[in-house]
Amino acid sequence: MNLFKHFSFTILPYLCIILIGLILYTATIKGAVGNPNGQIHQLGLDQSGKAFELSPERDRYLLTYAMATTGTTSIPKAVADANYSDIGYYEGKFYILFAPGISVLALPFYLIGAHFNVAQVGTFAVIPLFTILSLLFLYKISRKVFKLPVWSSLIAPLIFGFSSTSWSYATTLYQHQVTTFLIVSSFYAVYLYRQKYKNGWLLSSYVWLAFGVACSIDYPNLLLMGPVVIYLLISQFSIKKVRNSLSFSFQKTLFTVIFFLAIVLVNAWYNQTHFGSWKRVSGDLVNYKTILEQHLLTSKKGTAKLATIAKNKSDTVSFFSEDNIPFSFYTLTTSLDRGLLLYSPIFVIAFLGILAMLSDLSTETIILFGLIGIDVFLYSSWGDPWGGWAFGPRYLIPAMAILSLFAAKWVTLAKHNLIRRIITFILMTYSIAIALLGVLTSNAIPPKVEADYLHTGYNFLQNEKYLFHNQSSSFFYNTFLHQSVTLPMYFAYIYIGLLVITVTVLFVLPIFTKHE
Amino acid sequence: MNNITISLPKIPFVENVLTKLEFEKIIVILSSLISLASIIYYTLQNEILSYGDAESHINIAKRVVDSLTPGFAQLGGVWLPLPHLLMVPLVWFDPLWRSGLGGSIISGIAFVVSCLFLYKLTLFITKNKNASFFAFLVFATNPNILYMQSTPMSELVLLVFFLLSTYYFMKYIQSKDSVFYLVIAAFFGFCAALSRYDGWSLVLFEAFLLIVYLISKKASFSKIQGRVIMFSTLAFFAIALWLGWCYLILGNAFYFSTSIYSASSQQHNWLGRGELPAYHNIFVSFLYYFVTSMEITGVLLFLTTVIAIFLFIRNKEKRILFYVLSLLFVPFLFNWATLFLGESVIFIQSLTPISFEWRLFNVRYGLMMMPYVAFILGYLYFKANAKGKAFLVGLTIFQLALFFVGYQKVLTLSDATVGLSASRNPDAQLWLTKHYTKGLVLLDDYARTVSIIKSGIPMQEVINVGTKPYYTDSFITPEKYATWIILQRNDDVWNHLYETQQEQNLLYTYFNKVYTSKEILIFKRIGS
Numbered sequence: 008m009n010l011f012k013h014f015s016f017t018i019l020p021y022l023c024i025i026l027i028g029l030i031l032y033t034a035t036i037k038g039a040v041g042n043p044n045g046q047i048h049q050l051g052l053d054q055s056g057k058a059f060e061l062s063p064e065r066d067r068y069l070l071t072y073a074m075a076t077t078g079t080t081s082i083p084k085a086v087a088d089a090n091y092s093d094i095g096y097y098e099g100k101f102y103i104l105f106a107p108g109i110s111v112l113a114l115p116f117y118l119i120g121a122h123f124n125v126a127q128v129g130t131f132a133v134i135p136l137f138t139i140l141s142l143l144f145l146y147k148i149s150r151k152v153f154k155l156p157v158w159s160s161l162i163a164p165l166i167f168g169f170s171s172t173s174w175s176y177a178t179t180l181y182q183h184q185v186t187t188f189l190i191v192s193s194f195y196a197v198y199l200y201r202q203k204y205k206n207g208w209l210l211s212s213y214v215w216l217a218f219g220v221a222c223s224i225d226y227p228n229l230l231l232m233g234p235v236v237i238y239l240l241i242s243q244f245s246i247k248k249v250r251n252s253l254s255f256s257f258q259k260t261l262f263t264v265i266f267f268l269a270i271v272l273v274n275a276w277y278n279q280t281h282f283g284s285w286k287r288v289s290g291d292l293v294n295y296k297t298i299l300e301q302h303l304l305t306s307k308k309g310t311a312k313l314a315t316i317a318k319n320k321s322d323t324v325s326f327f328s329e330d331n332i333p334f335s336f337y338t339l340t341t342s343l344d345r346g347l348l349l350y351s352p353i354f355v356i357a358f359l360g361i362l363a364m365l366s367d368l369s370t371e372t373i374i375l376f377g378l379i380g381i382d383v384f385l386y387s388s389w390g391d392p393w394g395g396w397a398f399g400p401r402y403l404i405p406a407m408a409i410l411s412l413f414a415a416k417w418v419t420l421a422k423h424n425l426i427r428r429i430i431t432f433i434l435m436t437y438s439i440a441i442a443l444l445g446v447l448t449s450n451a452i453p454p455k456v457e458a459d460y461l462h463t464g465y466n467f468l469q470n471e472k473y474l475f476h477n478q479s480s481s482f483f484y485n486t487f488l489h490q491s492v493t494l495p496m497y498f499a500y501i502y503i504g505l506l507v508i509t510v511t512v513l514f515v516l517p518i519f520t521k522h523e
Numbered sequence: 017m018n019n020i021t022i023s024l025p026k027i028p029f030v031e032n033v034l035t036k037l038e039f040e041k042i043i044v045i046l047s048s049l050i051s052l053a054s055i056i057y058y059t060l061q062n063e064i065l066s067y068g069d070a071e072s073h074i075n076i077a078k079r080v081v082d083s084l085t086p087g088f089a090q091l092g093g094v095w096l097p098l099p100h101l102l103m104v105p106l107v108w109f110d111p112l113w114r115s116g117l118g119g120s121i122i123s124g125i126a127f128v129v130s131c132l133f134l135y136k137l138t139l140f141i142t143k144n145k146n147a148s149f150f151a152f153l154v155f156a157t158n159p160n161i162l163y164m165q166s167t168p169m170s171e172l173v174l175l176v177f178f179l180l181s182t183y184y185f186m187k188y189i190q191s192k193d194s195v196f197y198l199v200i201a202a203f204f205g206f207c208a209a210l211s212r213y214d215g216w217s218l219v220l221f222e223a224f225l226l227i228v229y230l231i232s233k234k235a236s237f238s239k240i241q242g243r244v245i246m247f248s249t250l251a252f253f254a255i256a257l258w259l260g261w262c263y264l265i266l267g268n269a270f271y272f273s274t275s276i277y278s279a280s281s282q283q284h285n286w287l288g289r290g291e292l293p294a295y296h297n298i299f300v301s302f303l304y305y306f307v308t309s310m311e312i313t314g315v316l317l318f319l320t321t322v323i324a325i326f327l328f329i330r331n332k333e334k335r336i337l338f339y340v341l342s343l344l345f346v347p348f349l350f351n352w353a354t355l356f357l358g359e360s361v362i363f364i365q366s367l368t369p370i371s372f373e374w375r376l377f378n379v380r381y382g383l384m385m386m387p388y389v390a391f392i393l394g395y396l397y398f399k400a401n402a403k404g405k406a407f408l409v410g411l412t413i414f415q416l417a418l419f420f421v422g423y424q425k426v427l428t429l430s431d432a433t434v435g436l437s438a439s440r441n442p443d444a445q446l447w448l449t450k451h452y453t454k455g456l457v458l459l460d461d462y463a464r465t466v467s468i469i470k471s472g473i474p475m476q477e478v479i480n481v482g483t484k485p486y487y488t489d490s491f492i493t494p495e496k497y498a499t500w501i502i503l504q505r506n507d508d509v510w511n512h513l514y515e516t517q518q519e520q521n522l523l524y525t526y527f528n529k530v531y532t533s534k535e536i537l538i539f540k541r542i543g544s
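Chains A and B, in that order, are what the protein sequence lines are.
Residue numbering for the first sequence follows this note's numbering, starting at 8 and increasing by one per position.
Residue numbering for the second sequence follows this note's numbering, starting at 17 and increasing by one per position.
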């Protein structure tokens, strides 16, 4: 009996998360059979609803492909000519305008996938694996940090994984889910470190490594992971008054910062050798599209102009400005084309959870607030809060993970929480539907300002049209089921399955875990 | 052992010094140094008189002592007079007038006193010197405050009287009805009400708060009546004085609101163009002032104060805190109301549509929330534990860093240099510095055709709207007084002397056109 209890309360929840994650991400991962080479446009894979409908996943795949086929980090010219929209140019070579970290992480998966003629799906598969790990950590944090019972600890992964628009980015090659994993896993590592858990050296090393890797995946992660780094540093430093002296102490594990510094040095070396300056990142390069449109490589005058453009190009940092805050904040939270509360109103209860916890501020809570705050602040300062063509507020995905913890907390705060669970369920039915709609169809939804010009939809209502036109991006559906099941039916099966899981978590499990 | 420890012995001498520190002296010295450094910096950058209004303010003061028709009537009837009166003794000296330093000195002194009384106000509530010093630092290091205290604008003058009145009002409340403090509060309220119209809302709100306080103390009706009359007689006297002044000098008690020179009239022009977005829109007017305050005081600091208010209410902090906060919050209510009513306008790039001709104007109004933000942060510092204090200090440093790296602009400076408030430097001005020799100059000073200061014209040689009968006579017989006439398209002088062919013929009879540009013409009397 004890063994059963132990299994039920410790191992079974993890197994459930892994199993549900594997099933649902497999059912919705984007792509098709085949090993696409650089001729993505010619293969028609850059159309809406296809695997490479947008440039971020396309370019990251191209870098992975280039590394696998040529062994270099530059894109072959033929490939650049075929896919020039987010390719940068520097001294005769072509590079993607995104940080290379995701492409490097995906390389082994590309190689495995290519072996089975599913190179693209294999490449994309790295992301759902990291997402499942994030879900596990969210459960862990709920249990250990927030001290929530098993049933409500499962709410956080359920909300983040399947009731938010992060689901659309768990099935394609973007940086958000890996960033989220690095943030939540590092946070938990520091938490363990502070509990005087053994292996403090390992935990500290992991956090600094994760920080370094995060910066290689996406440059704003330097700030996004800031609260976790501060969390670690305050755990490693202390100042005490001791009689007639002041005592400054720091733990020897602080020296593990060397792992972060090593990664920074590698990045700096990469920038120096590829882009001519350790400070210049790929995003600072001149866009190859501009070069082609203005014929800057075909004449001396053009080359001179290219040098001027390169010199005058604003660095990425200058696109962050306080002027953007009011409008970008509105766009990210409540706008009709990207608003978090429109796409995933389940997060309303997260804000209620935050308000409730203001009176009980532990260090962990403050750090979690900081993680949400820095994400919102950073991308409210960004000139393109829409994230280009996207589904929902993709820049807030790391914040969504943390918010889901507070949502779970809110549900359990009241002693008799049936009303709260009912409210949660109602909000989740809507949020799950929207999330599933997006992940099954397309992420290529324009901002309202562009959509109005193109006379097309600008939020999930556009996805609804795709659903009823049987336009899906799902590899599993398109490969195995599209001839036997309509897309709305496929949607319904998954949706009902998720509702059953939600009902189980919210209403059935609490009965069995009443004693907790 | 997994720790490395470094011990630093406490030095008794340092400890002694620290415990005996007279914070008030330090604040006065430090704020004076900061003020001086800012004034020197902005003087060298030639930005003290960047605001068009800055020159107008200092010219008003100059005209009281040095113009064709000197006297107190030169104070006019639109802007409240106290800032100009304070500048008068200084601008008597030409170098202090022409450089703008005559006004900067007044603003600088106001800044120093504001720092001191913000410290005292915070200390009064928290009884904690470190927290109060932190509030001072937050205030004194704000780049917008530092720029404005270097200019002859009236915001710092209002701020200092605002803080003084608030401080003594709180002393009255804490003293349990010491009339002395109430009278002092009323006096400084009187001064605030003669500095800017925001001061009128302060004295009104203080009167209201006085009633609330006395009712909460279960005072008798006669006592409440007595105290309110005592306070209002002095505080509201400023308003009565100004209305009387406008009536006696300008023939209309509400001249400041109804004349063509009033802000209200200007706003009607914007309204006519459909460019008054906050007008009669309670949400938009709130948003405009909220965002303006946020960007002037610092995004991170301002948002921290918003969260702090929730915490104070939730934790049921002592009542006296809410008295202070409500007084310091008065500028927000005032500006929100005036934006809603269309009595004022703010353009700020974060909110103003791209289609508007101007997207930066009057953002300095957000400066009035700086004491509020600084006080709350000081109070938070007082309530916080060691880590909380470290967080607040780190946040303030990070906020300053955002200003320095250009993420957050010094909006008051931007408005003065590239916004609608910026003074213009037409080529005609430069021409005048080289060609003006002597003689009376007729120009419409309200239209700011050229800068009198920068063009080198002595103030006593200027014929403008404040020098009747010279001004009005010149429209009939321009050759009677003026040696020079400067006209800008559609300004008052243009409309009277150059609008019709007949007027132009008259003008050309006695004057030669010596300077031509698309917008500005300069005439010189024949034979002079």
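Incorrect hints may appear among the rest.
[Stated by the list, open to error] From the derived model, a few chain A residues whose C-beta atoms are all more than 10 Å from chain B: (1) 316; (2) 333; (3) 373; (4) 388; (5) 499.
[Unchecked claim] Using 27 Å as the maximum straight-line C-alpha spacing, the simulated DSS-like pairs for lysine-lysine come out as follows: (6) B:334 <-> B:234; (7) A:259 <-> A:100; (8) B:403 <-> A:151; (9) B:334 <-> B:496; (10) A:147 <-> A:205; (11) B:403 <-> A:247; (12) A:286 <-> B:425; (13) B:470 <-> B:143; (14) A:147 <-> A:12; (15) B:484 <-> B:470; (16) B:425 <-> B:143; (17) A:247 <-> B:540; (18) A:205 <-> A:154; (19) A:259 <-> A:84; (20) B:399 <-> B:425; (21) B:239 <-> A:205; (22) A:259 <-> B:405; (23) B:192 <-> B:234; (24) A:259 <-> B:403; (25) A:154 <-> A:422; (26) A:318 <-> B:425; (27) B:239 <-> B:143; (28) A:203 <-> B:405; (29) A:318 <-> A:151; (30) A:247 <-> B:470; (31) A:100 <-> A:247; (32) B:405 <-> A:247; (33) B:332 <-> A:422; (34) B:41 <-> B:405; (35) B:334 <-> B:425; (36) B:233 <-> B:143; (37) B:425 <-> B:145; (38) B:239 <-> A:203; (39) B:145 <-> A:247; (40) B:403 <-> A:154.
Hints listed in this document are in silico derivations from the structure and should not be mistaken for laboratory results.
Quantities reported herein were computed from a predicted structural model and do not represent experimental measurements.
Every residue, glycine too, gets a C-beta built ideally from N, C-alpha and C.
Tested hints:
no.	hint	verdict
1	316	holds, 22 Å
2	333	violated, 5 Å
3	373	violated, 8 Å
4	388	violated, 7 Å
5	499	holds, 41 Å
6	B:334 <-> B:234	holds, 18 Å
7	A:259 <-> A:100	violated, 44 Å
8	B:403 <-> A:151	holds, 23 Å
9	B:334 <-> B:496	violated, 69 Å
10	A:147 <-> A:205	holds, 18 Å
11	B:403 <-> A:247	holds, 13 Å
12	A:286 <-> B:425	holds, 24 Å
13	B:470 <-> B:143	violated, 49 Å
14	A:147 <-> A:12	holds, 18 Å
15	B:484 <-> B:470	holds, 24 Å
16	B:425 <-> B:143	violated, 35 Å
17	A:247 <-> B:540	violated, 78 Å
18	A:205 <-> A:154	holds, 21 Å
19	A:259 <-> A:84	violated, 49 Å
20	B:399 <-> B:425	violated, 31 Å
21	B:239 <-> A:205	violated, 70 Å
22	A:259 <-> B:405	holds, 26 Å
23	B:192 <-> B:234	holds, 12 Å
24	A:259 <-> B:403	holds, 22 Å
25	A:154 <-> A:422	holds, 15 Å
26	A:318 <-> B:425	holds, 24 Å
27	B:239 <-> B:143	violated, 30 Å
28	A:203 <-> B:405	holds, 25 Å
29	A:318 <-> A:151	violated, 51 Å
30	A:247 <-> B:470	violated, 59 Å
31	A:100 <-> A:247	violated, 55 Å
32	B:405 <-> A:247	holds, 15 Å
33	B:332 <-> A:422	holds, 24 Å
34	B:41 <-> B:405	holds, 24 Å
35	B:334 <-> B:425	violated, 36 Å
36	B:233 <-> B:143	holds, 23 Å
37	B:425 <-> B:145	violated, 31 Å
38	B:239 <-> A:203	violated, 64 Å
39	B:145 <-> A:247	holds, 22 Å
40	B:403 <-> A:154	holds, 24 Å
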